[in-house]
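Undergrad: Residue-level listing of the chains:
Number of protein chains: 2
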Amino acid sequence: MIGDEILSGRTQDKNVAQVALWLNMQGIRLTEVRVVADDMELIGRAVVELKAGNDYLFTTGGIGPTHDDITVDAIARALDVEVVIHPKARKALEDYYTTRGGLTDARLRMARVPDGAELIENRMSGAPGIRMGNIFILAGVPHIAGLMLEALSNQLEGGRPMLSRTIGCWVAESEVADLLREVEAANAGSQIGSYPFFQTGKVGANFVVRSIDAGTVDSCIAAIGSGLILLGYEPVADGILLPAS
Amino acid sequence: MIGDEILSGRTQDKNVAQVALWLNMQGIRLTEVRVVADDMELIGRAVVELKAGNDYLFTTGGIGPTHDDITVDAIARALDVEVVIHPKARKALEDYYTTRGGLTDARLRMARVPDGAELIENRMSGAPGIRMGNIFILAGVPHIAGLMLEALSNQLEGGRPMLSRTIGCWVAESEVADLLREVEAANAGSQIGSYPFFQTGKVGANFVVRSIDAGTVDSCIAAIGSGLILLGYEPVADGILLPAS
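As given, the protein sequences belong to chains R and U, one line each in that order. Numbering of the first sequence is given in the working numbering, commencing with residue 8 and proceeding in unit increments. Numbering of the second sequence is given in the working numbering, commencing with residue 8 and proceeding in unit increments.
The hints are simulated quantities; they were obtained by calculation from the structure and are not laboratory data. Don't take each hint at face value.
The calculated EDC-like cross-link candidates involving lysine to aspartate or glutamate, where the alpha carbons are at most 20 angstroms apart (straight line), are [said to hold, decoys possible]:
hint: 1; chain 1: U; residue 1: Lys58; chain 2: R; residue 2: Glu56
hint: 2; chain 1: U; residue 1: Lys58; chain 2: R; residue 2: Glu39
hint: 3; chain 1: R; residue 1: Lys209; chain 2: U; residue 2: Asp102
hint: 4; chain 1: U; residue 1: Lys209; chain 2: R; residue 2: Glu101
hint: 5; chain 1: R; residue 1: Lys209; chain 2: U; residue 2: Glu101
hint: 6; chain 1: U; residue 1: Lys21; chain 2: R; residue 2: Glu39
hint: 7; chain 1: R; residue 1: Lys58; chain 2: U; residue 2: Glu39
hint: 8; chain 1: R; residue 1: Lys21; chain 2: U; residue 2: Glu39
hint: 9; chain 1: U; residue 1: Lys209; chain 2: R; residue 2: Asp102
hint: 10; chain 1: U; residue 1: Lys58; chain 2: R; residue 2: Asp102
hint: 11; chain 1: R; residue 1: Lys58; chain 2: U; residue 2: Glu56
hint: 12; chain 1: R; residue 1: Lys58; chain 2: U; residue 2: Glu48
Okay, the calculated beta carbon distance ranges per label pair [claimed, not checked]:
hint: 13; chain 1: R; residue 1: Met131; chain 2: U; residue 2: Asp220; range: 34 to 40 angstroms
hint: 14; chain 1: U; residue 1: Ile236; chain 2: R; residue 2: Gln206; range: 35 to 41 angstroms
hint: 15; chain 1: U; residue 1: Ile236; chain 2: R; residue 2: Arg52; range: 38 to 44 angstroms
hint: 16; chain 1: R; residue 1: Gly60; chain 2: U; residue 2: Ala244; range: 43 to 49 angstroms
Footprint (simulated), chain R over chain U, 3 or more residues, beta carbon under 8 angstroms [said to hold, decoys possible]:
hint: 17; stretch: 9 to 18
hint: 18; stretch: 42 to 52
hint: 19; stretch: 67 to 74
hint: 20; stretch: 113 to 127
hint: 21; stretch: 191 to 203
Note that the structure is a prediction, hence the values are computed from the model and not measured. Even for Gly, the Cβ is constructed at its ideal location relative to N, Cα and C.
So that you can see chain R by itself, here it is in the shape it has in the complex:
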């Protein structure tokens, strides 16, 4: 994610959750997120580091027409390639702006790509996303980033999606720490997360079981559920009891 607006706290980010959920549907695991400032060097450094250690890298933000949109320049410099005008992007922008005052220099900025890049369709505003090798450069406005993800759906090589089920309970998570650890240990390939909440003086927690295997998820949910009942609690499976915040 690229953008001073996130780091200043002005804008509540929505792209992390959006990209994470989309990746999961593609069977691709999100391993790390970084939010960096609108700064050539900081963007470049993050891109080089993250590109090296991962199959795919997605960026959001900084590809608009104004002076603070420097993502394309930063990535091109980090990859040591030129920035060029992509002819198809220019055409898409020309078409889009025909009835909207024509293609100005500022608008033409949105056709600039690292040399060698392909485009990612944006059927909303003409300005495309960009694919450069394993780097996917998306818009920062969440619903446009969402359209670009939609255009990429089922295009990337992924594994099996991570499945999850949640079981919630009005219980202090410290009461069930042993139960959770034992269930996770007994079910290879499972991950169990415990997410507490507090409301009107009561404590509760949602326990989220994740695995690529549906049977493993179901076994864990069943084991946590019966464990909670044995301890005298009333768990609620498959309904998040309360938002985790």
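Chain R is already provided as a structure; the job is to place chain U on it using the hints.
TA: Same frame as chain R, but now just chain U:
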């Protein structure tokens, strides 16, 4: 930020904006955010890298009583110190759990700190945050993280807070790209961000001016405002026209 729940998309993060806004009030600039998985090595690597390049490092998440809470262990290992029970934290937990079933082994986990650490008060649930040198280890539950930040308010050395004002307008940002660039160039120490939005077929943008100098902010807002009026638009200063998403 430490947590599989953010990377899976299950939980919409709220701590980035919360920490960012609080830091700004302390006159401290947030330069980077990373979200990493509940994994000893990944947490450790991020902590070492971020601690080295910054005055302060804040973590959220992974300090509860359950098996997936490994932040303290990961940070201690990264710093090459032992994990110890902090006597004051043990006392706070004993007091808190006196009327809540007593201090179990799982609950005592929340008194574990890297050797040499101090505590950050948490007047809500007894389990404190942790300060280890320039690393501040906070809870993941947003309102508890908020209480810990409150306890740290005015404790850290900061500079002058970054000031900002916003001017919104129903205009395509590409129409005013030159204006924004010129105003920023003419006002040393200013940063101008352009955040477009789309609603019911209309395009608009909020222009956010940031500077540590109030006069600079005001000059930029005035210059953008009169520039927009000259172009035939009707800007709205000091009211965000619409949410940026």
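Undergrad: Work down the list of hints and note, for each, if the structure agrees.
TA: Structure-based check of each hint:
no.	hint	result
1	U:Lys58 / R:Glu56	holds, 17 angstroms
2	U:Lys58 / R:Glu39	holds, 17 angstroms
3	R:Lys209 / U:Asp102	holds, 18 angstroms
4	U:Lys209 / R:Glu101	holds, 19 angstroms
5	R:Lys209 / U:Glu101	holds, 19 angstroms
6	U:Lys21 / R:Glu39	holds, 17 angstroms
7	R:Lys58 / U:Glu39	holds, 17 angstroms
8	R:Lys21 / U:Glu39	holds, 17 angstroms
9	U:Lys209 / R:Asp102	holds, 18 angstroms
10	U:Lys58 / R:Asp102	violated, 49 angstroms
11	R:Lys58 / U:Glu56	holds, 17 angstroms
12	R:Lys58 / U:Glu48	holds, 19 angstroms
13	R:Met131 / U:Asp220: 34 to 40 angstroms	holds, 38 angstroms
14	U:Ile236 / R:Gln206: 35 to 41 angstroms	violated, 49 angstroms
15	U:Ile236 / R:Arg52: 38 to 44 angstroms	holds, 41 angstroms
16	R:Gly60 / U:Ala244: 43 to 49 angstroms	holds, 44 angstroms
17	9 to 18	holds (count 9)
18	42 to 52	holds (count 5)
19	67 to 74	holds (count 4)
20	113 to 127	holds (count 4)
21	191 to 203	holds (count 7)
Going through the hint list in order, the structure does not satisfy hints 10, 14.
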